[in-house]
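Visitor: Residue numbers (the numbering used here), protein chains in the order written: chain R, 518 to 795; chain P, 518 to 795; chain Z, 518 to 795; chain H, 518 to 795.
Read the hints as simulated data drawn from the structure, not as lab findings.
Some hints here could point you the wrong way.
Lysine-lysine pairs mimicking BS3-like chemistry, simulated, CA-CA at most 25 Å apart [as the list claims (entries may be wrong)]:
1. Z/LYS640 to H/LYS582
2. H/LYS640 to H/LYS582
3. P/LYS582 to P/LYS640
4. Z/LYS582 to Z/LYS640
5. R/LYS582 to R/LYS528
6. R/LYS640 to P/LYS640
Okay, the calculated bits of chain R under chain H, using three or more residues with CB under 8 Å as the criterion [to be verified]:
7. 617-625
8. 697-708
Backbone N, C-alpha and C fix where the C-beta goes; we use that ideal spot for every residue, glycine too.
There are 4 protein chains.
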Amino acid sequence: MAERIFNVDCKLSYTLLDDTHFLFLVHALDGMDQEVIDESLRITPSLKHEVHTDAALCHRTLRVKAPAGPLTLRYRASVRLRRPPPDTQAFEVAIEALPHDVLSYLMPTRYCESDRLASAAGKLFGDVPAGYARVQAVSDWIREQVEYRTGSTNTTTTACDVFLQRAGVCRDFAHLGVALCRSLNIPARMAVGYARFDSPPPDFHAVFEAFVGRRWELFDPTGMTDPQDLVRIAVGRDAGDVAFATLFGPVRTRLIRPEVEQVRARRARRAAGPAGHS
Amino acid sequence: MAERIFNVDCKLSYTLLDDTHFLFLVHALDGMDQEVIDESLRITPSLKHEVHTDAALCHRTLRVKAPAGPLTLRYRASVRLRRPPPDTQAFEVAIEALPHDVLSYLMPTRYCESDRLASAAGKLFGDVPAGYARVQAVSDWIREQVEYRTGSTNTTTTACDVFLQRAGVCRDFAHLGVALCRSLNIPARMAVGYARFDSPPPDFHAVFEAFVGRRWELFDPTGMTDPQDLVRIAVGRDAGDVAFATLFGPVRTRLIRPEVEQVRARRARRAAGPAGHS
Amino acid sequence: MAERIFNVDCKLSYTLLDDTHFLFLVHALDGMDQEVIDESLRITPSLKHEVHTDAALCHRTLRVKAPAGPLTLRYRASVRLRRPPPDTQAFEVAIEALPHDVLSYLMPTRYCESDRLASAAGKLFGDVPAGYARVQAVSDWIREQVEYRTGSTNTTTTACDVFLQRAGVCRDFAHLGVALCRSLNIPARMAVGYARFDSPPPDFHAVFEAFVGRRWELFDPTGMTDPQDLVRIAVGRDAGDVAFATLFGPVRTRLIRPEVEQVRARRARRAAGPAGHS
Amino acid sequence: MAERIFNVDCKLSYTLLDDTHFLFLVHALDGMDQEVIDESLRITPSLKHEVHTDAALCHRTLRVKAPAGPLTLRYRASVRLRRPPPDTQAFEVAIEALPHDVLSYLMPTRYCESDRLASAAGKLFGDVPAGYARVQAVSDWIREQVEYRTGSTNTTTTACDVFLQRAGVCRDFAHLGVALCRSLNIPARMAVGYARFDSPPPDFHAVFEAFVGRRWELFDPTGMTDPQDLVRIAVGRDAGDVAFATLFGPVRTRLIRPEVEQVRARRARRAAGPAGHS
């Protein structure tokens with residue numbers, strides 16, 4: 518399993534029209550298949566804030582109450598990924614053999630109404646061999662059938678909407694992947710983080726994970742990234758769990774610029790710490 | 518074009534809990550590709566009623582105001598069908614060549630949200646040769662993908678619901694056919710009438726029509742009948758236009774028994790002509 | 518009944534990316550409670566076109582097939598309104614007393630799912646005195662409960678959506694008015710036309726009509742206009758029947774500028790009469 | 518705070534048409550504001566099973582894999598409730614003061630699309646004093662506006678559906694309560710358990726809880742029970758989290774009979790154990 522290091526540089530900037538309470542998910546995940554080597558967070562103006570780490574899933578939620586006026590947040594990190602290659606032969610786990618904490622990822626959620634898609638999923642993917650191959654078929658089908666179209670959806674759009682309208686953005690593609698997998702009794706969830714696209718501008722990215730072969734495998738139905746390169750921020754049942762910013766107040770967004778790049782071998786060694794002493 | 522004669526015997530029975538205004542569509546259509554040879558209508562108790570004939574589409578709406586108590590309606594008819602065989606080579610008519618009175622059958626309606634299904638229809642049927650073959654592909658796809666399941670839908674169920682849940686009854690199958698055709702810019706409408714099923718009980722039937730090759734062609738996506746044998750009652754934009762009974766008041770339905778059978782050659786001759794003269 | 522004259526000047530401009538078939542509804546209605554004194558239509562480039570007049574409702578549909586490139590349409594008219602003042606004492610017409618051609622305006626349509634709103638409408642307006650007052654209560658409730666917000670809806674938005682989200686534009690306000698009236702067994706339809714707003718820019722306007730006291734009464738739930746001043750283009754079951762432009766092809770809209778103004782007494786006399794003879 | 522004791526006797530009976538995996542939530546909650554004094558579970562036929570206790574919320578999930586054939590489950594328990602009376606003066610907690618583990622109860626879920634109801638909730642309850650009174654107003658409004666009608670909803674019905682159709686069962690009433698509270702930025706969740714109704718038959722019950730005054734307060738918008746008497750089984754974000762039975766396989770339900778009654782003072786003392794020796 519090759520280790521790789523990525524540098525994240527995320528800048529968010531808002532104008533608050535009134536006191537506003539924010540929940541941010543911008544910290545790179547320090548756990549699962551990645552490790553934060555080094556990180557810094559700067560909030561301008563300087564404000565009291567709290568960071569809560571989820572006991573089970575390791576993501577960190579930043580809570581800030583900010584007064585009217587400008588608010589800028591800059592987060593930088595070096596993150597080491599230790600992600601095994603996908604096991605494309607992974608089998609499907611029978612329901613009774615699923616770990617208990619995985620069961621909740623079978624249930625329908627706000628944006629992933631798997632209960633309503635059960636028949637369609639059965640018709641479309643019932644004949645595909647179970648396991649990794651079936652999830653890959655789901656991901657490929659989405660890529661082929663759904664058009665990536667900025668502005669075609671909004672924050673209330675669900676997997677069923679996308680199944681009907683065949684258009685959306687990365688979050689919608691991931692929701693449909695999650696919903697179809699759950700419809701097939703495959704536990705699935707959304708993973709969000711920093712990813713590099715061939716075509717700018719930089720943005721947060723969403724993909725989905727399915728539980729096959731006793732572990733979570735990543736899939737990007739947009740085809741825009743290799744999900745193996747995703748620097749995770751969080752995983753959750755759907756976008757409601759893992760929005761990068763949830764805000765309670767009247768706000769104008771000025772800048773969303775989450776950048777990431779892989780550190781080339783030499784620089785990586787330095788960034789990684791003591792290794793640079795040689 | 519072989520002429521055939523069908524005998525219809527329709528009995529409806531209700532208990533009205535209060536004064537109720539009814540709109541019934543039970544009269545066989547006397548026009549288009551069929552002709553009513555003979556018919557009778559009996560309402561019990563005897564009540565004042567009106568029959569309105571649609572100027573353009575020829576269907577007849579029976580309006581009755583009935584008092585609380587039992588209401589029984591019996592309609593009998595002999596109907597000659599002069600329906601040409603389907604033209605399976607029919608081409609698709611370009612929008613600009615569509616007759617003006619056909620254009621409204623391109624628009625989305627309550628139960629046929631063709632606007633929401635446009636992308637999906639394009640993905641599914643865009644590569645099928647245009648014309649009759651494409652409509653047949655729509656009908657075949659519905660038959661294969663949607664399960665006929667009594668009780669799976671209700672009077673608010675739409676084509677999009679059926680597209681998602683992949684289950685419904687004849688009215689839902691027809692709605693999905695109509696919606697998908699309109700999504701493909703093929704004018705389509707619902708046709709309802711008397712039909713014979715292999716398996717009882719008798720019931721009103723709904724199929725759909727598409728405008729190809731400059732005429733309306735019938736399709737039954739349920740596969741339960743040969744739509745060439747449908748004794749038409751009415752055509753309309755969707756079920757809202759052609760419900761066999763629309764009622765304004767509290768009513769308990771006791772019997773719906775619309776029966777139809779084809780008259781065998783010898784009897785047909787008698788029925789068709791100046792009976793008894795021979 | 519005071520007669521008034523309005524001058525309409527409507528300019529539409531498009532860039533067609535390919536051959537496109539258009540259906541336009543821009544002609545002022547010549548019938549019902551208004552009369553076209555004078556009108557002109559210019560299409561640039563000069564193109565063959567047809568105008569179809571609806572036999573029952575008098576609106577005129579302009580059909581044009583246009584080639585790739587710019588397309589400009591200018592329609593000018595002088596229209597005399599002979600509209601009686603609203604009868605605010607109008608009673609509600611019992612179902613059995615409704616004219617047959619009015620019944621279809623009780624049925625749910627694509628954008629006005631009155632069947633789904635029946636209980637809510639009953640709870641909200643069941644206690645209001647029947648007739649004009651009840652429709653006024655519906656219109657007032659919409660004005661109070663729904664926020665006019667440009668961009669909050671799109672062409673698939675329905676009355677139920679608006680009832681939930683409490684935001685929309687004039688078309689959405691009208692749809693909700695229509696749906697709530699039908700839920701209450703009051704026939705209702707959409708009316709579109711030219712109207713003058715206090716705040717620019719000029720745009721086509723949509724209001725709704727309810728059938729009370731044996732005639733259609735106009736209501737504008739947006740409160741942006743006096744609906745008595747609407748220069749009608751068309752009435753229909755919902756926006757699907759009365760879109761000012763329906764287009765089959767890839768088009769970029771460049772200008773929508775439908776202007777209208779009431780002609781002051783002196784000018785009106787000139788415009789209306791045998792001009793220049795005085 | 519008066520202690521009270523309730524005896525639960527729950528019998529569930531199924532016919533399995535094939536091997537089926539079950540998740541049951543039938544165990545009375547042993548934690549929060551209640552304590553299980555004594556309990557027994559019998560599964561017939563005797564089958565291997567597991568019980569998982571949720572670390573945070575204390576509910577217990579029973580997992581059973583059962584073969585085709587009959588399956589019967591009987592659960593009996595004596596449960597002591599130590600529930601403080603509602604604090605009807607409780608204030609509303611500002612977002613920034615909410616405990617971190619309460620924040621997730623502000624988010625929309627599968628059956629509680631609070632994001633779509635935000636404007637409507639603001640219009641309806643924005644003027645009611647914040648805190649317990651506002652939640653009470655939500656509960657009262659639901660009771661008044663929504664009709665309890667068995668069979669009017671199914672497992673895919675959401676709070677928005679209920680808001681539109683104004684009919685449902687206890688689960689739907691609770692979902693609407695949860696959704697409206699969240700729309701108002703009041704954390705809310707569903708609570709399910711054993712409750713006694715004036716009119717039989719016995720059934721599992723669902724109510725909702727809102728977080729006001731720094732604790733969770735119970736509300737029953739159906740008005741069928743005093744929620745103070747609910748013997749809790751579980752709390753969750755919506756019905757997806759707290760279904761009493763989730764089953765993966767083809768099953769016919771034969772009996773659902775969850776009974777509960779309060780133990781009168783004398784018997785309660787005995788049931789409570791060693792205390793009776795004095």
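Visitor: Does each hint fit the structure? Answer for all of them.
Guide: Hints versus structure:
1. This hinted pair does not check out: Z/LYS640 and H/LYS582 have alpha carbons roughly 47 Å apart, beyond 25 Å.
2. Pair hint H/LYS640 plus H/LYS582 does not hold up; C-alpha atoms about 49 Å apart against a cutoff of 25 Å.
3. Using a Cα cut-off of 25 Å, the hinted pair P/LYS582 and P/LYS640 is violated, with the two alpha carbons roughly 49 Å apart.
4. With a C-alpha separation of about 49 Å, the suggested pair Z/LYS582 and Z/LYS640 falls outside the 25 Å cut-off, and the hint is violated.
5. Under the criterion of a C-alpha separation no larger than 25 Å, the hint pairing R/LYS582 with R/LYS528 is consistent with the structure, at around 18 Å.
6. Between the alpha carbons of R/LYS640 and P/LYS640 the distance comes to roughly 16 Å, so the proposed pair stays at or under 25 Å and holds.
7. Counting residues of the stretch 617-625 of chain R whose C-beta lies closer than 8 Å to any C-beta of chain H gives 5; at least three are required, and the coverage claim holds.
8. Coverage of a stretch by a chain is defined here by at least three residues with a beta carbon nearer than 8 Å to that chain's beta carbons; for the stretch 697-708 of chain R and chain H the count is 1, and the condition is violated.
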